[in-house]
Amino acid sequence: MLPFSVQLQDGTPVSDQILLAVRKALLTGQMKAGDPFPSVRSLSQELRISPTTAHKVVLQLKDAGWLNSRPGIGMVVTVPAQPELAERLAQITPDCRALLKEAAELNLTLNQVIDHLKSL
Amino acid sequence: MIRIENLHKRFRRTEAVAGLSLNVPEGQVTAFLGPNGAGKSTTIKCLLNLQRPDQGCATVLGTDSRQLGPAQFTQLGYVSENMELPLWMTVKQFLDYCRPLYPRWDTAFERHLLAQFDLPLATKLKDLSRGMRMKAALLSSLAYRPKLVVLDEPFSGLDPLVRDEFIRGLLELTEQEGWTVFVSSHDIEEVQRLADRIAIINRGKLALDETSESLQARFRAVQIVLPDGADLPAELPIDWLHAEQAGRTLRFIASRHQNEAQLAAALRETLTATSTPDIRPMSLREIFIALARAYRLEGQ
Numbered sequence: 001m002l003p004f005s006v007q008l009q010d011g012t013p014v015s016d017q018i019l020l021a022v023r024k025a026l027l028t029g030q031m032k033a034g035d036p037f038p039s040v041r042s043l044s045q046e047l048r049i050s051p052t053t054a055h056k057v058v059l060q061l062k063d064a065g066w067l068n069s070r071p072g073i074g075m076v077v078t079v080p081a082q083p084e085l086a087e088r089l090a091q092i093t094p095d096c097r098a099l100l101k102e103a104a105e106l107n108l109t110l111n112q113v114i115d116h117l118k119s120l
Numbered sequence: 001m002i003r004i005e006n007l008h009k010r011f012r013r014t015e016a017v018a019g020l021s022l023n024v025p026e027g028q029v030t031a032f033l034g035p036n037g038a039g040k041s042t043t044i045k046c047l048l049n050l051q052r053p054d055q056g057c058a059t060v061l062g063t064d065s066r067q068l069g070p071a072q073f074t075q076l077g078y079v080s081e082n083m084e085l086p087l088w089m090t091v092k093q094f095l096d097y098c099r100p101l102y103p104r105w106d107t108a109f110e111r112h113l114l115a116q117f118d119l120p121l122a123t124k125l126k127d128l129s130r131g132m133r134m135k136a137a138l139l140s141s142l143a144y145r146p147k148l149v150v151l152d153e154p155f156s157g158l159d160p161l162v163r164d165e166f167i168r169g170l171l172e173l174t175e176q177e178g179w180t181v182f183v184s185s186h187d188i189e190e191v192q193r194l195a196d197r198i199a200i201i202n203r204g205k206l207a208l209d210e211t212s213e214s215l216q217a218r219f220r221a222v223q224i225v226l227p228d229g230a231d232l233p234a235e236l237p238i239d240w241l242h243a244e245q246a247g248r249t250l251r252f253i254a255s256r257h258q259n260e261a262q263l264a265a266a267l268r269e270t271l272t273a274t275s276t277p278d279i280r281p282m283s284l285r286e287i288f289i290a291l292a293r294a295y296r297l298e299g300q
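Chains as they are written, first to last, in the numbering used here: chain A, 1 to 120; chain B, 1 to 300.
Hint data in this document are derived by calculation from the structure and do not stem from the laboratory. Glycine is no exception: its CB is placed at the ideal position from the N, C-alpha and C atoms. Mixed in with the good hints, there may be bad ones.
What the hints assert, rightly or not - Residues of chain A clear of chain B, computed beta-carbon distances all greater than 12 Å:
{"no.": "1", "residue": "39"}
{"no.": "2", "residue": "43"}
{"no.": "3", "residue": "55"}
{"no.": "4", "residue": "88"}
{"no.": "5", "residue": "96"}
Claimed, not checked - List of simulated lysine-lysine pairs, DSS-like, C-alpha gap at most 30 Å:
{"no.": "6", "chain 1": "B", "residue 1": "147", "chain 2": "B", "residue 2": "124"}
{"no.": "7", "chain 1": "A", "residue 1": "56", "chain 2": "B", "residue 2": "147"}
{"no.": "8", "chain 1": "A", "residue 1": "62", "chain 2": "B", "residue 2": "147"}
{"no.": "9", "chain 1": "A", "residue 1": "24", "chain 2": "A", "residue 2": "101"}
{"no.": "10", "chain 1": "A", "residue 1": "118", "chain 2": "A", "residue 2": "24"}
{"no.": "11", "chain 1": "B", "residue 1": "92", "chain 2": "B", "residue 2": "147"}
Work out the full structure: start from the sequences and follow the hints.
Spelled out as structure tokens, the structure:
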């Protein structure tokens with residue numbers, strides 16, 4: 001079992017979906033700093049994805065500073081106490097874009113959308 | 001790991017493989033796709049020296065396929081949907097028979113796979129279900145930790161659970177350095193998550209060879225509402241596939257997508273359309289179907 005939840009959907013590349021799922025788990029606290037992160041092998045087996053893809057996911061997370069390799073343990077999650085604002089905003093950017101598009105199709109102005117968001 | 005150059009193979013009147021060239025890089029999973037009868041199995045049989053090419057050649061694990069011997073076969077795992085197995089043997093007898101053929105046979109790994117595949121040792125291969133038999137064949141081809149695994153339509157006729165077990169078993173080998181898989185299928189659905197690369201064969205020739213990632217990056221399903229009274233130009237850009245108009249809506253598949261700005265510019269130029277297009281990424285399956293349709297149109 002993996003310590004984060006991901007339902008792979010068709011359409012977007014698998015590695016993007018996993019990156020998003022992992023980042024979400026880290027931002028919501030489903031995974032915390034110091035937690036061990038699954039190996040390339042178990043990522044690949046659990047998600048039935050190519051080891052190359054699994055490896056790429058681990059490298060990208062490492063490059064982005066979410067993972068650290070600990071000798072003897074493997075990969076360990078490292079999370080800044082409070083993730084950067086830009087990082088958290090990036091998480092909701094796709095949804096925001098979709099919302100804006102939908103709003104444009106419905107002929108809503110940005111201010112109307114903002115007022116509505118505030119009222120929720 | 002595999003290098004195919006200008007391969008030809010003819011059976012009486014049909015040219016099954018008609019000048020196929022393809023490189024299968026090490027350390028990746030390459031899916032070899034094509035409609036039934038496109039030449040996949042014949043190609044694979046040539047690779048394994050089960051068929052002799054009429055022309056051209058194939059190099060497998062650095063050796064000409066016609067010279068493959070024990071040194072290569074002990075590093076090569078092969079499972080095919082219609083491979084011949086000693087059906088009169090029990091699973092245990094079958095494994096006892098295979099074990100001494102491979103110096104690098106890993107008995108611990110064999111036991112691990114046996115447990116994972118839930119194979120009954122005392123049952124004869126002929127009495128196993130098709131799925132069980134395929135799992136037995138896979139086990140016998142993985143237990144010696146081959147460098148190259150060649151699978152010919154391994155999933156056809158397998159139920160989803162067995163297919164899933166089969167893929168998981170295959171992925172047991174992933175720790176291995178440079179582990180390479182070449183898997184043929186007529187249905188991309190079976191391999192779309194697994195494949196790093198997609199090679200498509202059509203009428204015996206290579207039609208496409210690309211990473212899954214770049215395929216998904218360049219294909220988009222596009223839908224746009226046309227302005228009032230707009231007529232479609234007679235010629236649409238050639239990279240717009242399968243354009244269809246229904247009322248005021250135009251749908252097509254952009255096959256050379258770069259970014260939304262570039263697509264929006266092309267839409268303005270071609271259609272004088274100013275409404276916001278709906279641009280959606282596509283699954284590998286949808287892309288494969290769009291390509292297969294395009295190949296069929298080309299052939300007509």
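* Asked: Keeping to a limit of 30 Å between CA atoms, is the pair of residue 92/B and residue 147/B held or broken?
  -> 24 Å, holds
* Asked: Quick one, are residue 56/A and residue 147/B close enough, alpha carbons at most 30 Å?
  -> Within the cut-off at roughly 21 Å; holds.
* **Non-interface claim for residue 88/A versus chain B (Cβ beyond 12 Å)** => 24 Å, holds
* Does residue 147/B lie within 30 Å of residue 62/A when you go C-alpha to C-alpha? -> The hint holds at about 28 Å.
* Asked: Any Cβ of chain B at or closer than 12 Å to residue 96/A, or is the non-interface label fine?
  -> 16 Å, holds
* Holds or violated: is the Cβ of residue 39/A farther than 12 Å from all Cβ atoms of chain B? -> Label violated. Min Cβ-Cβ 9 Å, cutoff 12 Å.
* Asked: Is the straight-line distance between the alpha-carbon of residue 24/A and that of residue 101/A 30 Å or less?
  -> 23 Å, holds
* To do: Take the C-alpha atoms of residue 118/A and residue 24/A, compute the straight-line distance between them, and say whether it is at most 30 Å.
  => Measuring from Cα to Cα gives roughly 23 Å; hence the hint holds.
* With d taken as the least Cβ-Cβ distance between residue 55/A and chain B, does d exceed 12 Å? -> 9 Å, violated
* Asked: CA of residue 147/B to CA of residue 124/B, is that 30 Å or under?
  -> The hint holds at about 29 Å.
* residue 43/A: least C-beta distance to chain B exceeds 12 Å? -> 9 Å, violated
Comparing the model with each earlier hint shows violations of hints 1, 2, 3; every other hint is respected.
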